[in-house]
Amino acid sequence: MSFIPHTTQEIKEMLEAIGAPSIEELFKDIAPPLRLKSFHIPEGKSELELDRYFKTLSQKGESGIVNFIGAGFYEHYIPAVVDALAGRSEFYTAYTPYQPECAQGWLQAMYEYQTSICALTGMDVSNASLYDGGTALYEAAMMAIRLTGRNKVIVDCGVNYTYRTMLYAYTKNLKIEFVEIPVVHGSSCRKDIYALLDDRAAAVILQNPNFFGVVDDYSDIVHKAHACGAVAIGSVYPISLGILKTPAEMGIDIATGEGQSLGLPLSFGGPYLGFMAVRKEYIRQMPGRIVGATVDKDGKTGYVLTLQAREQHIRREKATSNICSNEALCALRALMYLCALGKEGLRELALLNFYKSEFAKTCLDTIPGVVVKRSSPTFNEFTVMLPHDAEKVFERMVKKGFACGFPLGRAYKGMENYLLVAVTEKRTKDEIVAFAKALEEVVCS
Amino acid sequence: MSFIPHTTQEIKEMLEAIGAPSIEELFKDIAPPLRLKSFHIPEGKSELELDRYFKTLSQKGESGIVNFIGAGFYEHYIPAVVDALAGRSEFYTAYTPYQPECAQGWLQAMYEYQTSICALTGMDVSNASLYDGGTALYEAAMMAIRLTGRNKVIVDCGVNYTYRTMLYAYTKNLKIEFVEIPVVHGSSCRKDIYALLDDRAAAVILQNPNFFGVVDDYSDIVHKAHACGAVAIGSVYPISLGILKTPAEMGIDIATGEGQSLGLPLSFGGPYLGFMAVRKEYIRQMPGRIVGATVDKDGKTGYVLTLQAREQHIRREKATSNICSNEALCALRALMYLCALGKEGLRELALLNFYKSEFAKTCLDTIPGVVVKRSSPTFNEFTVMLPHDAEKVFERMVKKGFACGFPLGRAYKGMENYLLVAVTEKRTKDEIVAFAKALEEVVCS
Amino acid sequence: MQLIFEKSKKGRRAFFVPALDVPIKAKLPAKYCRTHDTSLAEVSELDLVRHFTNLSRLNFSVDSNFYPLGSCTMKYNPKFTEQIAGLEGFRELHPLFAQCNATLPYAQGALEVLFCTEQALCEITGMAAFTTQPLAGAHGELTGAMIIAAYHRHKGNKPKYVIIPDSSHGTNPASAAIAGYEVVVIPTNKDGYMDVEAYRSKLGPDAAAVMLTCPDTVGIFNPHIREIADLAHKAGALMYYDGANLNAVLGKARPGDLGFDIVHLNLHKTFATPHGGGGPGAGPVGVVARLSEFLPVPRVIKKTDNTFALEYTFPHSIGPVAPFYGNFAVILKALAYIMHLGKEGLTEVSEIAVLNANYCLARLKDFYQVAFSKNRCMHECVLSAAEQAKNGVRALDIAKYLIDKGFHPPTIYFPLIVKEALMIEPTETESKQTLDAFVAVMIEIAKMARTHPELAVNAPLHSPVKRLDETKAARELNVKWKSSLEKDA
Amino acid sequence: MQLIFEKSKKGRRAFFVPALDVPIKAKLPAKYCRTHDTSLAEVSELDLVRHFTNLSRLNFSVDSNFYPLGSCTMKYNPKFTEQIAGLEGFRELHPLFAQCNATLPYAQGALEVLFCTEQALCEITGMAAFTTQPLAGAHGELTGAMIIAAYHRHKGNKPKYVIIPDSSHGTNPASAAIAGYEVVVIPTNKDGYMDVEAYRSKLGPDAAAVMLTCPDTVGIFNPHIREIADLAHKAGALMYYDGANLNAVLGKARPGDLGFDIVHLNLHKTFATPHGGGGPGAGPVGVVARLSEFLPVPRVIKKTDNTFALEYTFPHSIGPVAPFYGNFAVILKALAYIMHLGKEGLTEVSEIAVLNANYCLARLKDFYQVAFSKNRCMHECVLSAAEQAKNGVRALDIAKYLIDKGFHPPTIYFPLIVKEALMIEPTETESKQTLDAFVAVMIEIAKMARTHPELAVNAPLHSPVKRLDETKAARELNVKWKSSLEKDA
Ligand SMILES: Cc1ncc(COP(=O)(O)O)c(C=O)c1O
Ligand SMILES: Cc1ncc(COP(=O)(O)O)c(C=O)c1O
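Chains as they are written, first to last, in numbering that gives the first Met the number 0: chain A, 0 to 444; chain B, 0 to 444; chain C, 0 to 488; chain D, 0 to 488.
Hints should not be assumed to be uniformly reliable.
Below, simulated BS3-like cross-link-like pairs (lysine-lysine); rule was C-alpha separation at most 30 Å, straight line [claimed, not checked]:
#1 C/LYS486 - B/LYS296
#2 C/LYS159 - A/LYS44
#3 A/LYS399 - D/LYS446
#4 C/LYS9 - B/LYS317
#5 B/LYS399 - A/LYS59
#6 C/LYS157 - C/LYS201
#7 C/LYS486 - B/LYS174
#8 B/LYS151 - C/LYS157
#9 B/LYS171 - C/LYS159
#10 D/LYS24 - A/LYS27
#11 D/LYS342 - A/LYS54
#12 C/LYS373 - B/LYS11
Some, not all, of what chain B presents toward chain A, calculated at C-beta under 8 Å [what the hints assert, rightly or not]:
#13 LEU47
#14 TYR76
#15 ALA79
#16 GLU424
If you are wondering where the hints come from, they were derived from the structure by calculation, not from laboratory data.
Given the structure is predicted, the values throughout are model-derived calculations rather than measurements.
By construction, the Cβ of each residue, glycine as well, lies at the ideal position given by its N, Cα and C atoms.
Generate the whole structure from the sequences, applying the supplied hints.
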């Protein structure tokens, strides 16, 4: 069951052509002492058996739960057309378009993706994808360090806590100084950030909406950063850009983000999509593939991978990044998603998310002992203070059929009673009302 | 939400080109008195809402039930490759290949389908599909009447009861005499059939395996039929042909059948696939599209619809059949299914079905009060006599998670206590054992 | 391309059957077993995938090309309905589950789908009751003809024939004939209308029914339709509506209001369900109240407790015409489509379908003969290449040239009554840009027919094969592949 | 083809957002709102479908073409694994569900998938523990380099560099550098082996690790690998295994048994998961027991009650390298593939991959220079077009000519140390028939290079575009579409 077409006769003929007495002889460089010591893999199972096995496994756990968990990764509706088109096997089973003449479909799609990401963020140039929002942020920080020659990086604590941890993990062996600025009332603290923006600062890293769903306008911080020669990095939630001020409008230099919300299923964590878009001047320091337009011999427009000299396969240890395989199929889905929604659709979708989460706030606000934090405007996610430990509440809410949000205690010490609740277009009014009712039962009993 | 691309501006431009003041004016031939009196269709709903609505609906009813219902329509495993390939939109969204130069993919596939059906049945020629097994049988009977100029048709009661009812319904306005021959001990009664085969007989209609799953060799009947100038028609279950004697080997003139088992989901009754394969001599009386090989201007092989002069679009009221749209996509799936399994695979699959159902027999046989009918060999389905009404047993078995088979009372008077149990490769040993245990609990309590 | 059989290698496997997990308890006696092997293709999964992937690429399709095939309504078929039809609860449901216990409400969701579809179709057509059983348009026609026969039998009438205009689709006379009727053909006049005098003369006790398409196959709505119906009814004949062109009048007119008694719809056309290569279709049939007792059984009913059930007790029913409830998955997709579009969307379908056809007509009428006197049409327009044919460029040549330009040709040589017919049905889902591109090529051909007719006659040059020899195909009848072994034998 | 933006029309819609079903309770202050609109494309669903359908048709892919792109292992990717990854219970599962309650066993099925994958990969590689977090091969390398750094930090070592042969893939030096190491490059000798003398001379306290591919990127298995490992270990360096070529030795050798300490795998290559256009991949990293404490957190553990949990309490862990547990759907498909093939199937993968590569080598060695002295290879063979280049037919020209013949070209100009390199990796899923057809064209080119070099130099002629001007692309840097408005500005 190994997808091998060869018949015994063919193997014989091929060995003859090679002049080898057996397949085993082809492995003679792997001398007996080098051979494997064990290989306890069970016998192959048929497709039918595996289909059944994994179906059972997929149902192990919670099913039919109404989901209010977001925390940077959102359950948005995926138009059927995205699945239908992204599955086209000429997209699905090709590889990196090294040979442009037989990969124009992919190359044009990537060029369109780059254009769409620029349209969304307002930035000048985009690459053709990075692994995920977290590694994109790390690449942005590294870029800023290269660009400025400085090594102090200011990190707002409104940035996804996992991304921050990843950032520190990646750079542990390097000499970079990270300074975290705690969030005050859900928003980034101007005073502290201003104070740190000096001529040692390579970058300031911000997120909008931040981890608490809070919406901000970072223009002031960006302005200060630029004044001291630092690079402003902003991680953004693409759906929110249907209505929110863009990184470009705030003056941000490097915009990054997680593209999962653009037509990618949650799939227990991946594959997702890191996007990055930067100022024109920074393109040569940008990691990842970039597609450019050109012409063929006859002057016909075509597309190629360009600026490859930044990349590892050419520049090796001096490359801007080590990335090779990226998340092309995910980027393709994001492109299709953005084209399916279009300008108006994305705006409407963003508004719908906003209105629904505001409605949820009013529903939850009426529950005795539950306080919706309202110090700052939010997009489609918000913080709720509960009278008890949020993990306990989560547990009881699951039994009622709701994943009630992300308990913040794990990410922020002292916030054990706080819940981060996300409301996307997939949640109906009825579900929101039922959710509030269930929460009331749980916290009041 | 109507998939219409037009902008208001474009509509305006188009009306100008037409010289019409409004769209409404284009409908002026439908004078006010002819206009509709009512049109109470609800407002359109978005994809997201409908997705949710139909998901809920699809879960209304029984889910996770282990199925032992067959009765001519079987739950076989569908290789994933079939879904992946049949969904290729160049197949999926084309129509009848009237213009062969831009439909070679379809035409070649149909030619391959015809070849595969012939390989399976052993017959000379196949058409490119009919609606379903029942209409195929009706078309076969009409063919026989045209071929012989006679009008008595002998119908074995082992033929699917719905097919028989359909046959009589279709021909109610014609002058055809049908004679039904009751089944004895699950098999067709030679004595009665022989007696009816005379020079008035147009055809004898048989089914293998018959409705009770019983396997037969009809060579003797076919021989007698031919002796008196009648046409022998056999409806067959394609999966069983992996091991069973073919219609061709029995001498049958027109083989038909339901192709659902060849890679088509049960889907609550359709779309399915009628196939028909006949002796070479009868091709001009065969209904449905036929694809033939030919060459193009340069001598290159290509495929076209051929013998179209039999069809309604040319021959109109004198056509061999009124069929126009057929079940091409289903035939394509069947072709892919047969190619995926291949010669050996189909044989192994048929054997697996046979062995599993034999195993089920031994399990059920041990239940006090339950009698497995064993007078004749069966393929993957068999009759069980219960101590109580089978519909009642069915009801109680559903509560235990099993659709225990088809209660025969509805199809055969006097068989109210009988159950028709099908066992395909999808049923595991564990399921069969659990099924027997549950049945024991039900009938013994 | 090589046939899959030519790629076959003994012993290759794509799919592996699971291992036997039960003891072997019996052996089938040899007399019941096949002795010749199946000679099916033996290929690897990659062989299979590459074969059909590349085969698919030889087709034009709506998803890749403009496909204005008249009378066939090749509109865009949405993708979300596929997802719905793929829901496990529908896809894996055995149709007999609903019949295994006469009193219990199994398969409620699926029955609700059928019931809702019938309701929606009743409202769309103005009929009183529907059956979803018929498996395609022509099958619906046959079902309709059987209902006609049952009705007359019930009334004690013994009519002999069905009246059909000469412009009709071939399935109409074929269906009537198969149901046991003779066919009486009425000519079409220069306006594209059925000749009323000829029609009148054929009405009488021998006329069982009148079968019409409306708008008819020349793309014209007959304004005298009510008169025609009244005359038929007066003569005791039933009015049959071939719904293949209903997509022209959604939200504008309903066959029920126009005086029709029986209607079939082509769900796969009007309601946008994929039928690649020629099917599957779905041809539900609706009838007025007085005919509902003749509809096929089982029928889906809604009970007072709001559950759904199958009902068999209609003594005058013509019986089942399909093994179950019709092409369920097709019906389901059509229902989802109807619910998605809603009242307004459905009306827009017809409005824009008609707009698009008239736009093509307006842009082309100076270059091609217009088949009938009007310069207007409904959802499709029929042109004639008779002028071009004088220079040797026939409708067929135009079709082939269009292929080279990436457009699927219109329907040609139908309706049969129009010489060198080109029947263009753009559908509502095509944009002005696409129509403009198509029109430009059509105009190019018309001009070329005068200056360089040979260019069209040699087309297509860029398709996978050039013009194919259909005569050879019919003469030599090579309808299946034979291995070289078999060929020698 | 036109860009989707060029097809865009103001006001067109493909997808409709559902109607608002809640009252409007608030308004976002204007200062937080965007003032420039998104200028995303506005198209109909049919526009969208036709655009991407036709765009897809401009690509070569495994499903449509032979794709012997060396080092990339473009084997057939099975379809059934897609179905499994599409199961709702996996596809719609929020990754944080498993983290919302520290003590409760949510998401058990998904955690079991991760756990089983780690177990299987341990057995396949001979490692003691695995993390599934890394998102691609290069990401695995970086993770590995971070583990190397953590290990040395923990030991109190302060090594400076990583040793890498000059034949290595570019990601190896890049990953080492990014993790903070210098890179010391060792030359390859004429047999294709890393020069042992040069290697020895670089070992010492400053060497953090040795990064090797094995078989290496010249397609040769270094028989001295154990010595190399022993030397490294003696010097206190770790042995890193770039698993991109593991598909050559499945069931034959395991990096763990060969003396490697850290391994990354490219699941998307060796274990056949689709990564169209360049990704997504998955690059799990395995380590020997003494390094397991450094693996990223969270780790998936199996508890004594047979439930699965996420464990964070590894104080020496390098921390998370991905937001969750890796590219879950990719990992899931790889696990299904491994379970489908089983022990025997996996072994066959390598046997036939090696057979196919040697067959190509044997058939082509008289026409092209063989890069290294042996006339044998493992799963891929490296040829040189140096001879052909003398007549002006360079590796690039050969690649382009192959495109015209329907074959995806091999990898060219890699490894960098081979002049005019042609790196052919046929993979095990390709049949002898396909290889023969490919070999025939390769021989044709070799002959043509002598007689008609211009034919290759002008290729491709039949692809959607002819040879593209890459210099212009880099010089003019047109990396996004601008509307004519923007262009003027
Ligand atoms: C006018 C008309 N009537 C009837 C039919 C037959 O419908 P079907 O192909 O679904 O059987 C067609 C199909 O082309 C048609 O165009
Ligand atoms: C030898 C080798 N190492 C490493 C890599 C990098 O792997 P990835 O592309 O998954 O990041 C590749 C990919 O081509 C490779 O061939």
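Now for the hints, and whether the structure bears them out:
For a cut-off of 30 Å, the pair hint linking C/LYS486 to B/LYS296 stands: about 24 Å separates their Cα positions. In summary, the hint linking C/LYS159 to A/LYS44 is not supported, as the alpha carbons are separated by about 64 Å, beyond the 30 Å threshold. For the suggested pair A/LYS399 and D/LYS446, the alpha carbons sit about 74 Å apart, so the restraint of at most 30 Å is broken. Restraint check for C/LYS9 and B/LYS317: the C-alpha separation of about 45 Å exceeds 30 Å, so the hint is violated.
For the suggested pair B/LYS399 and A/LYS59, the alpha carbons sit about 20 Å apart, so the restraint of at most 30 Å is met. At roughly 16 Å between alpha-carbon atoms, C/LYS157 and C/LYS201 fall within 30 Å of each other, so this suggested pair holds. For the suggested pair C/LYS486 and B/LYS174, the alpha carbons sit about 43 Å apart, so the restraint of at most 30 Å is broken. Straight-line distance between C-alpha atoms of B/LYS151 and C/LYS157 comes to about 23 Å, which keeps the hinted pair within the 30 Å bound.
Under the criterion of a C-alpha separation no larger than 30 Å, the hint pairing B/LYS171 with C/LYS159 is consistent with the structure, at around 15 Å. Between D/LYS24 and A/LYS27 the alpha-carbon distance is near 74 Å, which puts this suggested pair outside the 30 Å criterion. The suggested pairing of D/LYS342 with A/LYS54 holds, with an alpha-carbon distance near 23 Å, which does not exceed 30 Å. At roughly 22 Å between alpha-carbon atoms, C/LYS373 and B/LYS11 fall within 30 Å of each other, so this suggested pair holds.
At about 4 Å, the closest approach between the beta carbon of B/LEU47 and any beta carbon in chain A falls short of 8 Å, and the interface hint on this residue holds. About 4 Å separates the beta-carbon of B/TYR76 from the nearest beta-carbon of chain A, less than 8 Å, and the hint is met. With its C-beta approaching chain A no nearer than about 7 Å, B/ALA79 sits inside the 8 Å limit, and its interface hint holds. The beta carbon of B/GLU424 is positioned within 8 Å of a beta carbon in chain A (closest approach about 7 Å), and the interface hint is therefore held.
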